[in-house]
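In the working numbering, the protein residues as written are 1103 to 1267.
In short, the hints are calculated from the structure, not lab data. Note that the Cβ used here is the ideal one computed from N, Cα and C, for glycine as well. Take the hints with a grain of salt, since some may be wrong.
[Stated by the list, open to error] Beta-carbon label-pair distances, calculated as ranges:
id, residue 1, residue 2, range
1, Phe-1195, Ser-1144, 27 to 33 Å
2, Glu-1245, Ala-1204, 40 to 46 Å
3, Asp-1223, Pro-1264, 15 to 21 Å
4, Pro-1250, Ser-1117, 29 to 35 Å
5, Phe-1226, Pro-1253, 22 to 28 Å
6, Asp-1202, Leu-1265, 38 to 44 Å
7, Phe-1189, Asp-1169, 16 to 22 Å
8, Glu-1231, Arg-1182, 19 to 25 Å
9, Ala-1239, Arg-1218, 15 to 21 Å
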Amino acid sequence: MPSVETGSPGPLTASPPVRLQFAQKAFITAGGRLLMVRKAASDPFQPGRWEVPGGRLDVGADLDLDDHIRREVWEEVGLRIEPGPPFHLWQWFMDDRSPDAAGGRVRVVAAARRCRPLTLDVAFGNQDESDHLDGCAWVPLDEVRSYPLIPSLRPVVRAFLPLAR
């Protein structure tokens, strides 16, 4: 068996880097409807597809996981929420578009949480341009599957719908 010197390129160090990130998605229901958001045409990954509010953890700013999901929902749709328990975990991979990534990938591990709205009037004024959202809707639960969902969200929606009824 050939030896590998410390620090020399080998099968593990030769592959592009993979960064790990954590995200949460908020499944917010009211009156038999789920709040969904639509990705804008400018979204580099899923233009025009639908999902639920949420995003990646800001390690330096988010105090805890409840603070994180509250911040994401407030930024994306302007709602105040009461975070509930997670009901599903999943992951996806995407190209790392940071300037120093050099062909790397991002592995996002995510938790889906049921959340109760404390306010219902949606507003987009707090969004960051990286959110790439251009619409939202309170979708009747029996219509959610008919929307063009982000593919990685489909199994999460399948897990959620029986819990929401």
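**Prompt:** Honestly, do Asp-1202 and Leu-1265 meet the 38 to 44 Å range at C-beta?
**Reply:** Cβ of Asp-1202 to Cβ of Leu-1265: about 41 Å, so the range 38 to 44 Å holds.
**Item:** Whether the CB-CB distance between Phe-1195 and Ser-1144 falls inside 27 to 33 Å
**Value:** violated, 21 Å
**Item:** Cβ distance range 40 to 46 Å for Glu-1245 and Ala-1204, holds or violated
**Value:** holds, 43 Å
**Prompt:** For the pair Ala-1239 and Arg-1218, does the Cβ-Cβ distance stay inside 15 to 21 Å?
**Reply:** Taking Cβ atoms as reference, Ala-1239 and Arg-1218 lie about 19 Å apart, which means the hint holds.
**Asked** Measuring from beta carbon to beta carbon, are Phe-1226 and Pro-1253 in 22 to 28 Å?
**Response** The hinted range 22 to 28 Å holds for Phe-1226 and Pro-1253, with Cβ atoms some 24 Å apart.
**Asked** Between Asp-1223 and Pro-1264, is the Cβ distance one that fits in 15 to 21 Å?
**Response** violated, 29 Å
**Request:** Look at the Cβ atoms of Pro-1250 and Ser-1117 and judge whether their distance stays inside 29 to 35 Å.
**Result:** holds, 33 Å
**Request:** Take the C-beta atom of Phe-1189 and the C-beta atom of Asp-1169, compute their distance, and say whether it sits inside 16 to 22 Å.
**Result:** holds, 20 Å
**Message:** I want to verify a distance hint. Is the separation of the beta carbons of Glu-1231 and Arg-1182 within 19 to 25 Å?
**Reply:** holds, 23 Å
Of the numbered hints stated above, those contradicted by the structure are hints 1 and 3, listed in ascending order.
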